[in-house]
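Trainee: Work the whole structure out from these sequences, hints included.
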Amino acid sequence: MEILVYLIPISLILGGIGLGAFWWAVRSRQFDDPEGDSQRILSDEWDDHPRP
Amino acid sequence: MDGSLERGGLAACPACVALPNVGDVTGGAAEKELLISLPEIHCAACISGVERVLAAQPGVASARVNLTLKRATVEAEEAVQSGALVAALGAAGFKAHELDAGLLTSTEADKAGRDLLMRLAVAGFAMMNVMLLSVAVWSGADGATRDLFHWISAAIAFPAVGFAARPFFASASVALKAGRLNMDVPITLAILLALGTSLYETIHSGAHAYFDAALSLTFFLLAGRYLDFRTRAVARSAAEELAALEVPRAVRLLDGAEETVAVGELAVGDVVLVRPGGRMPVDGVIVEGASELDRALLTGETRPVVAIVGQQVSAGEVNLTGPLTVQVTAAGKDSSLHRMADLVAVAESAKNKYTSLADRAAGLYAPGVHILSALAGIGWYLGTMDARVALNIAAAVLIITCPCALGLAVPAVVTAASGKLFRKGLLIKDGTALERLAEVTHVIFDKTGTLTMGTPEPMNLCDIQERDKRLALSLAMGSAHPLAMALTGALRGDGVLPLPVEGLREVPGYGTEARCKGRVVRLGRAEWVDAEAGDETATWLSVAGEAPVAFTFADALRPGAAEAVAALKAAGCEVELLSGDAPGAVTRFAAALGIDSYQAGVLPAEKAARVEALQAGGAKVLMVGDGLNDTAALAAAHASVSPATALDAARVASDIVLLGESVAPVAEAVTTARKAVKRIRENFQIATAYNVIAVPLAVAGMATPLVAALAMSASSITVSLNALRLR
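From first to last, the protein sequence lines are chains A and B. Oh and the first sequence: position 10 is 10 in the working numbering, straight run, nothing missing. Oh and the second sequence: position 294 is 346 in the working numbering, straight run, nothing missing.
One should not assume that every hint holds.
What the hints assert, rightly or not - For the chain B half of the interface with chain A, some residues (derived, Cβ under 10 Å), not all of them: (1) A97; (2) S100; (3) L119; (4) V174; (5) A178; (6) V187; (7) F201; (8) P211; (9) V226; (10) V361.
What the hints assert, rightly or not - As a list, the in silico SDA-like pairs of lysine to any residue whose alpha-carbon atoms are at most 25 Å apart: (11) B:K621 x B:R475; (12) B:K481 x A:D32; (13) B:K163 x A:S43; (14) B:K122 x A:L12; (15) B:K476 x A:E45; (16) B:K84 x A:V5; (17) B:K163 x A:Q30; (18) B:K147 x A:D37; (19) B:K163 x A:P34; (20) B:K730 x B:T697; (21) B:K163 x A:E35; (22) B:K730 x B:V323; (23) B:K84 x A:G20; (24) B:K163 x A:D33.
Keep in mind the hints are simulated off the structure, nothing from the lab. The structure presented is a predicted model; accordingly, all values stated were derived computationally and were not measured. The beta-carbon is built from N, C-alpha and C at its ideal position, and this holds for glycine as well.
Mentor: Dropping the structure here:
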């Protein structure tokens, strides 16, 4: 059962990373334009270098 | 401005520099944000095309298209006017409209939505982790392991609930302070009691802890809240966009110079210029010019009226032919538009008294569960004299009865139904609109602009000689009057070629005149060509020395009008037509659509009175109208629909806006609403059925946290699935 000492914190940390990533995504407006973002990957503009 | 502040703040965050639109902000003081509506963009090529066109305009710092909202946000220098950007987009082949940024509050709604989403995520994260630990406990962990798991659960649950459930706590405390009970009071009590007793049990190495229940309760209820919020936010942003499309500006003449000002800035005595095609911004008196006025939005009349110097005009009328200079007699709050809006406000407050199904359920439910759980607690205390057991039982009853399913029952259905209707081109503005729509027994239609397009179509072209048609086309091409434009379109469509004429000129308010082979030819009003004006909308062609020929017009039927009427009748609704137009046109029209009950020449107040009379007789009326003359009736009716082309005041007064051209979705809205209400009722029954099974268990003290978790998830999932059947 000692393995729990590692497993529980690990599961919490992994979940926490997911939560943190979601928090970042919401804060940085990643969900503002889901349709537009799905279309933008088809555009070849800024393929060679990122938009300045 | 809110948006720019927020963007500035975000740009400071290093992670956001990756975002092009935010990264582009240079923070220059002279910059402003312009919004442009792009109703027809749909693909990647449109996005880059629009962005390239906008970025190439002088003074534009950056442009970003949002395809979801079909809108472009442009950061530009102070001097840049959105009109120029719209024109540039139009030249490049993109349909664009100017949006009034002041009327769009989406930033605020976004913030509230993000906040709710974050709480939902935290509750979900905590719920899953605690559930993981709880499953271990349920499957047999005991002793020190169980206590450790309970402690870890507590460590996760307390901060998570403290953050995620705050909307419920806040709403419950507001309700309690006002001495009322709402749905959030039992929710808050259940969450707090579950946490409290579980902590107590954990400290005393008890077997049962409800941390997972407290968290899943929070999660499911937040999901319901979020759905509810999304539906309303989508409706609101679309409604705001419709309002923002009409930028209320007027051209003021000051010492002969023209300046564009906001309508709100106009004062009595100012002189404004109204160009052909423009809408009167204020009430006033014509001081210069001659033209014709389209009063359809105010009265429902399709025939234009003559406008001459000295005549009174009302805000909302459309100037048709010549430029008019109008001296303001009433602006802002005193104008007739505003007086009508006041009428609406009175009727609106009556409508707000409608209690939704959810509120009625909560009114029964909230006191019920409190009494039940208190009785269970007291009963067990008297039976066992053990406060700990009694409190545990009371908490279990509250948790089990807690309205997860009730909280999801309405929003899940409303989200599914509004989504379905939105795809059909209907925008549900009001939360209770679906429920009210489902009760409708009578449907009253307005004619002009609602069942018709509000644009005339020539009717008798086949009876007219070829030479007259060719002459009429030559003359009609010289005017921007709606009748002339309709005539030009129809004749060109028939392949008619214009006859050569000389000296073509437009006489504002009368028609066009030219010379053909030395004879004067005129196309215009009956009086101008010495003809007898008939009952129908008509324009007359006269050739000097010959009898004048009439071109009669009828309003083009809106697509789907006949289908809508037939479908509504099939759904068991009485259909009626109330129009402000002349009797002849209305009778023909009603016959064409199969409407048996109609009235012509109805005044605005009579429309509202008719609606009220029907409703006093027990009928529930759905009013469908677009004009200012319908506004009072729209507000008085049980439910109301207006097309997107309707006057702002009419749209504000109605619950549902028809976005497309066809009126057929109106019938569909009624059937969908009926289905939706049926689903809501089913959901309540499902929730009740679960309670009927689970509550006796809880009262008997046999409800373990496992039973609570199963009942809660199972009922929530069934309710959501039932709602999805609507799609």
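Trainee: Can S100 (chain B) be said to touch chain A, with a Cβ gap under 10 Å?
Mentor: Hint holds; S100 (chain B) Cβ to chain A Cβ min 5 Å, cut 10 Å.
Trainee: Against chain A, with CB atoms and a cut of 10 Å, does the hint on L119 (chain B) hold up?
Mentor: 3 Å, holds
Trainee: Keeping to a limit of 25 Å between CA atoms, is the pair of K147 (chain B) and D37 (chain A) held or broken?
Mentor: With a Cα-Cα distance of about 21 Å, the restraint between K147 (chain B) and D37 (chain A) holds, given a limit of 25 Å.
Trainee: K122 (chain B) and L12 (chain A): Cα distance at most 25 Å?
Mentor: 40 Å, violated
Trainee: Has the given pair, K476 (chain B) with E45 (chain A), been kept, meaning a C-alpha gap of at most 25 Å?
Mentor: The hint is violated at about 34 Å.
Trainee: Are A178 (chain B) and chain A close enough, Cβ to Cβ, to be under 10 Å, as the hint says?
Mentor: 9 Å, holds
Trainee: Hint check: K481 (chain B) vs D32 (chain A), CA-CA at most 25 Å. Holds or violated?
Mentor: 21 Å, holds
Trainee: Decide if the proposed pair is consistent with the structure: K163 (chain B) and Q30 (chain A), CA atoms, cutoff 25 Å inclusive.
Mentor: Distance of about 13 Å is within 25 Å: holds.
Trainee: Take a quick look at whether K621 (chain B) and R475 (chain B) sit within 25 Å of each other, Cα to Cα.
Mentor: Cα-Cα ~24 Å, so holds.
Trainee: Given the hinted pair K163 (chain B) and P34 (chain A), is their alpha-carbon gap at most 25 Å?
Mentor: Since the Cα atoms of K163 (chain B) and P34 (chain A) sit roughly 17 Å apart, the hinted pair holds (cutoff 25 Å).
Trainee: Holds or violated: K730 (chain B) and T697 (chain B), Cα atoms, limit 25 Å.
Mentor: 32 Å, violated
Trainee: Hint check: K163 (chain B) vs D33 (chain A), CA-CA at most 25 Å. Holds or violated?
Mentor: Holds. K163 (chain B) to D33 (chain A) sits at ~15 Å (cutoff 25 Å).
Hints 6, 8, 9, 10, 13, 14, 15, 16, 20, 22 and 23, counting from the list given before, are not met by this structure.
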